[in-house]
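Undergrad: Keeping their order, the protein sequence lines are chains A and B.
Counting from 1, position 102 in the first sequence corresponds to residue 102 in our numbering; the numbering is continuous, with no gaps.
Counting from 1, position 92 in the second sequence corresponds to residue 92 in our numbering; the numbering is continuous, with no gaps.
Source of the hints: derived by calculation from the structure; they are not laboratory data.
Here are the computed lysine-lysine pairs in the DSSO-like style, where the Cα-Cα straight-line distance is at most 27 Å:
#1 A/Lys111 / B/Lys94
#2 A/Lys19 / B/Lys80
#3 B/Lys8 / A/Lys116
#4 A/Lys15 / B/Lys80
#5 A/Lys112 / B/Lys8
#6 A/Lys31 / A/Lys202
#7 A/Lys112 / A/Lys185
#8 B/Lys8 / A/Lys111
#9 B/Lys80 / B/Lys94
#10 A/Lys185 / A/Lys157
#11 B/Lys80 / A/Lys17
#12 A/Lys133 / B/Lys8
#13 A/Lys112 / B/Lys94
#14 A/Lys185 / A/Lys31
#15 A/Lys185 / A/Lys116
#16 A/Lys157 / B/Lys8
#17 A/Lys157 / A/Lys31
#18 A/Lys133 / B/Lys80
#19 B/Lys94 / B/Lys8
#20 A/Lys116 / A/Lys157
#21 B/Lys94 / A/Lys157
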Amino acid sequence: MVLEVRNVTKIFQRKGKNKIIANDNISLELKEGEILGLLGQNGAGKTTLVNQILGLVTPDSGEITLLGESVYQSPIRTRSLCSIQPQSQVPLGFLSPKQAVSLMGKVRGGKKYNPKRLDMLFDALDMGKWANKEGQSLSGGARRLTAFCMAVIVPGKLVILDEPTNDVDPVRRRYLWNVIRDLTKEGTSVILVTHNVLEAEKAVDQVAIIHDGRIITQGAPTEVKGSVSNHMRMELSLADDRSELDCPGWANSFHSNGTRIIYSMDASNVSQSIDWVKNLVDKGIVNDYSLSPTTIEDAYIELTSNKVVSS
Amino acid sequence: MSLWSHYKYVFQLQFLRNAGFLIFMALIQILISVGIVIGFTYLIPAPDTKTILFLATGAPTIILIITGLVILPQQVGTAKSDGYMEFMRTWPVKRSVILGAETFMWIIITVPGIVVASLVAHFMFSPGYDISWTVVPALLMIALTSIGVGYGFSYLLSPTASLGISQVIIFGALMFSPVNFPMDRLPEWLQTLHEILPIYSMAEVMRASLATTTFDATLGNYINLLIWCVIGYGGAIIILNRK
Numbered sequence: 001m002v003l004e005v006r007n008v009t010k011i012f013q014r015k016g017k018n019k020i021i022a023n024d025n026i027s028l029e030l031k032e033g034e035i036l037g038l039l040g041q042n043g044a045g046k047t048t049l050v051n052q053i054l055g056l057v058t059p060d061s062g063e064i065t066l067l068g069e070s071v072y073q074s075p076i077r078t079r080s081l082c083s084i085q086p087q088s089q090v091p092l093g094f095l096s097p098k099q100a101v102s103l104m105g106k107v108r109g110g111k112k113y114n115p116k117r118l119d120m121l122f123d124a125l126d127m128g129k130w131a132n133k134e135g136q137s138l139s140g141g142a143r144r145l146t147a148f149c150m151a152v153i154v155p156g157k158l159v160i161l162d163e164p165t166n167d168v169d170p171v172r173r174r175y176l177w178n179v180i181r182d183l184t185k186e187g188t189s190v191i192l193v194t195h196n197v198l199e200a201e202k203a204v205d206q207v208a209i210i211h212d213g214r215i216i217t218q219g220a221p222t223e224v225k226g227s228v229s230n231h232m233r234m235e236l237s238l239a240d241d242r243s244e245l246d247c248p249g250w251a252n253s254f255h256s257n258g259t260r261i262i263y264s265m266d267a268s269n270v271s272q273s274i275d276w277v278k279n280l281v282d283k284g285i286v287n288d289y290s291l292s293p294t295t296i297e298d299a300y301i302e303l304t305s306n307k308v309v310s311s
Numbered sequence: 001m002s003l004w005s006h007y008k009y010v011f012q013l014q015f016l017r018n019a020g021f022l023i024f025m026a027l028i029q030i031l032i033s034v035g036i037v038i039g040f041t042y043l044i045p046a047p048d049t050k051t052i053l054f055l056a057t058g059a060p061t062i063i064l065i066i067t068g069l070v071i072l073p074q075q076v077g078t079a080k081s082d083g084y085m086e087f088m089r090t091w092p093v094k095r096s097v098i099l100g101a102e103t104f105m106w107i108i109i110t111v112p113g114i115v116v117a118s119l120v121a122h123f124m125f126s127p128g129y130d131i132s133w134t135v136v137p138a139l140l141m142i143a144l145t146s147i148g149v150g151y152g153f154s155y156l157l158s159p160t161a162s163l164g165i166s167q168v169i170i171f172g173a174l175m176f177s178p179v180n181f182p183m184d185r186l187p188e189w190l191q192t193l194h195e196i197l198p199i200y201s202m203a204e205v206m207r208a209s210l211a212t213t214t215f216d217a218t219l220g221n222y223i224n225l226l227i228w229c230v231i232g233y234g235g236a237i238i239i240l241n242r243k
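Starting from the given sequences, assemble the full structure and let the hints guide the process.
TA: Here it is as structure tokens:
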């Protein structure tokens, strides 16, 4: 086991304010070469958990071990074994991506640092044209990818990626997932912190959904989806964003986002729902629709919110 | 990995990240220090050699104060608000290595200003420099105190608060501190305050090594600097290691 988090609780007490239970009795395990998707809403407690794993914050109770040794025993060992790509952009200043990544490689690896790995990463992510440009003039995506490379240039046992695909274009996102996969083949485990549930579903081996400081479900993506029962989802797009549709009787929940509406239903109601939506298409209220098995996003929304969500 | 190689690479990382800014600041400091030596002579009609010597031996102290207590806290404030500070805390190096590497970076940028201002003053006014061997350790000690205290308060306080303090310091150091003029011109309460604060001791130690035949620094001045230096760096390291 690379990482073991056991019954970790962290409470923040601010003067004159109510205490915030950021992590409430959290337990997790991560095997070698596994990718864990840590999902949760804003303020759910993901960052607090990550900071405790890195040894930057001490839990009030519970224990975190990395390769069998407490992360607090030797903070420098912990920070050598774990690297992180933070959620906020890393301000590169006058550093070029090449300088930033190679220097971080030397800080992390010393003599073990292999410059060929930098070329390999820049190639794999198609970053060549930015390699020698001043960091502060680069686009958000280029800076995000640089921060990613800084985290994986000399990978330890655990790499934590906090929203690594933010600002990154769709083509390079695919490259990025390939690099992450390759990383795990070499035995590095990955924690992926994200809101982007659909993207995470394709990449992760394990999912943990954290809500109000507690892990409400964890397991393989199929298990997590199963925990919300074996649902189907219908996604439709409205012709006009002012039209309002009620939640039909066959739907268990629905989630709307502009002209996009997602219904979740039992498999037995599929034919009924198709009749319903065909009627709407004929009337011109709905442009198109699709039907698919439940995704992690549906499970995530159902688990972390009330029945009807509108965003 | 050895401490030295960590130090080397962290220094390169921080130095190159700030390179453009540091060059700009070094140039500004040349302007400020030359400005103090020449500009203040406009303020004082027909200054005597002693007055000019005061200004010329005060300018390096002002440079070190500006670097450690004004520019540095502003940079720390920025690093705090844009998340870079938090990112540095995740590096697999001792926090004291980061502080040490950055300290060296800040000291380097003060050197051009100090050297240029002293040369300009010497060739324009020949105010009577008499440089002692103690100039290097004195300079280091003053720089370390100023930088240490700068780290201490900027790590402890919010970026806005430390920005405010650094504005007060720059004004106070130029106008209300016995750096460019003798202490006895100040009101008594301010004299007492300066016996405690490090600015007066910095100025005295600097003067005693740049014009060793004219000025003396007391043992008390050195002890004062040492105490502030330890408080500054100690505080900064405690805050960096805080969980």
